[in-house]
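S.K.: Now for the letters of each chain:
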Amino acid sequence: MAWFRKEKKPKEAVEKSTAIPEGLWVKCDDCKEIVYRKEVEQNLSVCPKCSYHFRLSARERFSMLFDDAQYKEFATNIKSGDPLEFKDTKRYRDRLKVYEARVGKGDAVLCAEGKLEGVNVVISAMEYAFMGGSMGSVVGEKLTLAAERALDKGEPLIIVSCSGGARMQEGILSLMQMAKISAALARLAEARLPYISVLTDPTTGGVTASYAMLGDLNIAEPKALIGFAGPRVIEQTIRQTLPEGFQRAEFLVEHGMVDLITHRAEMKATLGRFLRCFLAK
Amino acid sequence: MNGDPMQFEEPIVRLRRQIEELSAMEAEPARQAEIAELQQKLTKVSSEIYGNLTPWQKTLVARHPQRPYTLDFIALLFEEWSEIHGDRKFADDPAVVTGFARFRGQPCCVVGHQKGRNTKEKIFRNFGQPRPEGFRKALRAMKMAEKFHLPIFSFIDTQGAYPGVGAEERGQAEAIAVNLREMAALQTPLIVTVIGEGGSGGALALGVGDRVFMLEHAVYSVISPEGCAAILWKSAANAPDAAAAMKITAADLKKHGIIDEIVPEPAGGAHADPPHAAEILAPYLEKALKELQKTKGSLLPEERYKKFRKMGYFEK
Ligand SMILES: [Zn+2]
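Residue numbers (the numbering used here), protein chains in the order written: chain A, 1 to 281; chain B, 1 to 316.
These aren't lab readings, by the way, just hints derived from the structure by calculation. Mixed in with the good hints there might be a few duds.
What the hints assert, rightly or not - Derived coverage of chain A by chain B (criterion: at least 3 residues anywhere in the stretch with Cβ under 8 Å from a Cβ of chain B; other residues may be distant):
id	segment
1	75 to 86
2	140 to 154
3	171 to 178
4	185 to 194
5	202 to 211
6	232 to 239
Backbone N, C-alpha and C define an ideal beta-carbon position, used for all residues, glycine too.
Could you put the whole structure together from the sequences, leaning on the hints where they help?
M.R.: So, in structure tokens, the structure goes:
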């Protein structure tokens, strides 16, 4: 047994509800330094050596963004079915059960409302630990409900993305969620309500190619992997190794796709400042 | 998956060859009768084989190099086609074609993915895989169509958006996302037909329509069967399994409420007789256009929203 647990891709891709592995010590994904777990947790789950932002669960994110960590969740009674009766090496239904038991019944996104620096706001945060944050019908429906709630109440919407993309096990139904959520965001835009997309590590595939890129502002956490095609797919296509920093948040700012990079410690204040400005408060 | 992937067509190919050989000979009544008989047999065998294609076989048919592409349908169904180029930002993308034309006399806009047939064309068309410029060009044309109150016909036929360094740098994801949002809000009729491969976000980026039709042997999926197999089965060789599991055929999509109608193909597939394939499609487009033109343009986004709002399956 090693005296720390390496963060490796688990075989079943089932991860704990936070991305920080158990154990006294953790190895940072980015700088590969071995750091004291407690120290990381006390530092908003940011690596004290290199500022890599570890993944957060949806509720950790809510606690960080809502005033006094007070919020009310909604759209909690929707769960994934198995419309295609999908089976690869395992049944989709069985996979879902494992994740529901381990992560919770909220599928890959939770929605909540409350106040952020005094501004009433709807926030949806993705749950990477639930099947890699993959977007199926439930994610699509919940995010659409979140946009519709923001529209009904005349409040701004924030979506914190953390996802590998569309959920293959729901096939074409997953793809159509991209159209559904984007259409809901079009209505929000028409009503001149702010929508801010917060992109965290990783945000790729169909999630990036729909709501994550459609913010009035796209705000990323440092070093987050953000892209459409996965780096491995690109490497196989072009048969070349990708340059250092490719598809990282800093690369996206350089190429004009992300408005700004904000450290987790500054995220709430930054969001609050923009929202008050846009709402002329 | 070994050998000729289209080997299921073998009996059809054999019959066609026999007919060709007999037709090349001197015409005499007995021979004519034999040809007629073979023709009948060909229709029957084609219908049988094409009536029972597996999802993977349909994928191969959808990718068939002789299958009619967007420009073929344009030539067969539209008049006065004038293509336009470029996204006015960076470049022109030949993997997407767009322009203006007339359909049954009615001025309209056409957008679609475009593949190439021979090696040179394939490279020029980037194998039908758009870069961001392609999506932005299409959106530019669609916005123009809205401005001039023209209906839009969209033809879907791509393996997917191109996964390359430049495409990522110039915002592949953003280009697709913006099309999804803007198409949802277009105040003009939008009629989509999946004619071949509907590959993921790159397909959907031209696919948010008031009516979505799908050719009988076309496929439409969230990821290619090979891509899905590589991730979930750890081997691209399981593509036929992934094709079956993902439910990618027109019948599946109809069942799940994703498409409005399945457009039948000629016996032996659209590639066996492209003009006939276009002839079968025409009345679907005509009917949809007539219906949609009854609704005021400004009310179409609401109807379109309701249509896509319903998509998905979950339990409460
Ligand atoms: Zn570090």
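S.K.: State whether the coverage of the segment 185 to 194 of chain A by chain B holds or is violated, taking the criterion as 3 or more residues with Cβ-Cβ distances under 8 Å.
M.R.: holds (count 5)
S.K.: Just to make sure I understand the rule, a stretch counts as covered if three or more of its residues have a C-beta closer than 8 Å to a C-beta of the chain. Does the segment 171 to 178 of chain A meet that for chain B?
M.R.: holds (count 8)
S.K.: Examine the segment 202 to 211 of chain A for residues whose CB is less than 8 Å from any CB of chain B, and state whether their number is three or more.
M.R.: holds (count 6)
S.K.: Using C-beta distances, would you say chain B covers the segment 140 to 154 of chain A, given that this needs three or more residues below 8 Å?
M.R.: Coverage by chain B holds for the segment 140 to 154 of chain A (3 residues, Cβ < 8 Å).
S.K.: Apply the coverage criterion to the segment 232 to 239 of chain A and chain B: a residue qualifies when its Cβ sits closer than 8 Å to a Cβ of the chain, and three qualifying residues are needed.
M.R.: With 4 residues in contact (Cβ-Cβ under 8 Å with chain B), the coverage given for the segment 232 to 239 of chain A holds.
S.K.: With a C-beta cutoff of 8 Å, work out whether three or more residues of the segment 75 to 86 of chain A approach chain B closely enough for the coverage to hold.
M.R.: holds (count 8)
In the structure shown, no violation is registered for any of the earlier numbered hints.
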